[in-house]
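Chain order of the listed sequences is A and B.
Take the position in the first sequence, starting the count at 1, then add 1233; the result is the number in our numbering.
Take the position in the second sequence, starting the count at 1, then add 246; the result is the number in our numbering.
Simulated from the structure, these hints should not be mistaken for laboratory data.
Heads up, a few of these hints could be off.
Cut-off 25 Å, straight-line C-alpha distance, at most; resulting in silico cross-link-like pairs (BS3-like, lysine-lysine) [said to hold, decoys possible]:
no.	chain 1	residue 1	chain 2	residue 2
1	B	Lys518	B	Lys413
2	B	Lys370	A	Lys1307
3	B	Lys379	A	Lys1307
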Amino acid sequence: MSGSLPRPLPALDRDNAAYWTGGEKGELLICRCGDCGYYVHPPVRFCPECESRDVAPQPVSGRGSVYTFTINYKQWVPRLPERYVLALVALAEQEDVLLPCNVVNCDPDEVTFGMPVKVLFEQCEDLWVPLFEPAGR
Amino acid sequence: MRYGEKNCAITGVGISEVSRGSAKSSLELTVDAALDAIADAGLKRSDIDGIATWPGGDGNASGFSPVWIGQLQDALRLTLNWYSNGGESPGQYGAVFNAIGAINAGLARHVLIYRSMYEASARKLAFANSLVKEGERQRGGFAWYAPYHVHAAALQQSLYFNAYAHKSGIRPEQQAMIAINQRRNAGLNPHAIYRDPITLDDYMASPRIAGPLRIYDCDVPIDGSAAIIVSAIDAARDCRNPPIRIEAVGSSMRYRNSWTQLAEVDTQAQPKVAEMMWSRTDLKPKDVDIAELYDGFSFHTLNWLENFGFCERYGAKDFIEGGTRIALEGELPVNTGGGALSGGRLHAYGAVWEGCTQLWGRAGERQVKGDPRVCATSTAGGPLAGAMLLVRE
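Whenever a hint applies, use it, and build me the whole structure from the sequences.
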């Protein structure tokens, strides 16, 4: 979406690094409990469902649906595109995992609540930032 | 059991000049508000033995929270038994909830609480915000939004407001009534920033910001400070004003405490906060005379009308239709001084100042008739929510 304005980036730590770098191999990595299968996000090595400490990043399908979204109209800082979509995407594997993202590769006015989307990645410095686009594309 | 907030009362309120660019420093504005509140309570500097604020000095150039407790204490040369800030609390009223705890623990008798803003001056220098720290990697819970160009709270919070608009079916010409009503009230408030009336046409012609938000749905960055004194109830009865008791508070967080994983995007964290507040009092929504509801964005006010129980879920659009119910002369006057949308962003403490001003019958041309005694007030924003019910003795 913004060829010119660099994306601000998160600092990596031992919990979140897999999420922000899995895109190098084309994988969306979400922490999952090895005992009960619950997806733990934001990632931490503890399962709040069964109290297991056997939690590790696992690739998911990269599919989801738009839980909520909004369109930005205001140019807050120079070089920011005036219309883009910010969304929370619910992970297909477990709907209570909500992923902030931009929905790209479509007109902002085409985005709807519940719309099926799929992940893609944009390399930014040493990170691969997950974005989503309409699943039909 | 007797809930601890009932042992506490607001005894004085103060406000500095509120402007779109001050000739004074943020510290001097805070001194102005603090001295105003201390004098209003009929107290002296030496009577203040506690300070609380939210979130506390943030040490950056955004103007969001420029004044540290230490700076204010030292400027006023106060001697304290207790002090505390804390941004990680149930919204801006977390400072009041902390003060209630300190008073009940016997740590303080008269707590000075302040909220200062210097965002108007900050924005004359650059676009300043507290969400993205330029030139560095982002940290903390909000960093999950970092790469997605979330440069303003208006954009992030419109994720919630768009879900509410979708579920409630509210139309732009209905939501406009919050801004229009508050501008009308601001016209009667000499402290307000914007005092010229706006029409529905003005509203509909105003720039869109994000999602359903237009410029008139957003609070106004200002330079200014508001302060209140919260006192132990026995000490309050010796003060100058009739005590405004803190009848009940809502301070809970019973949802995922997260700006990304809060699943209740249309109601945000408010319903269980309101439920807690009403569980601590015999009063009911129908007993409320005035409502000073958080209005960082107009949608927060809409949400609180429903979550406090003044109308049913998704009924706010009908409740505010035409603006008569929420007007100064209506059944539930809302944001009587113009709120943050027209009065300026004193971040919920402008609301407390206005509510107390009304309960003490000093609101001049905008005074609500009928001797109002009960005020509901609230804060909001995603996982943050707090509520108080104030009753004048």
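Pair hint Lys379(B) and Lys1307(A), alpha-carbon separation not exceeding 25 Å = 19 Å, holds
key: Pairwise hint evaluation, Lys413(B) against Lys518(B), where the allowed Cα distance is 25 Å at most   = 19 Å, holds
ask   = Hey, Lys370(B) versus Lys1307(A), does the alpha-carbon distance stay inside 25 Å?
value = 18 Å, holds
Checked against the numbered hints given earlier, this structure breaks none of them.
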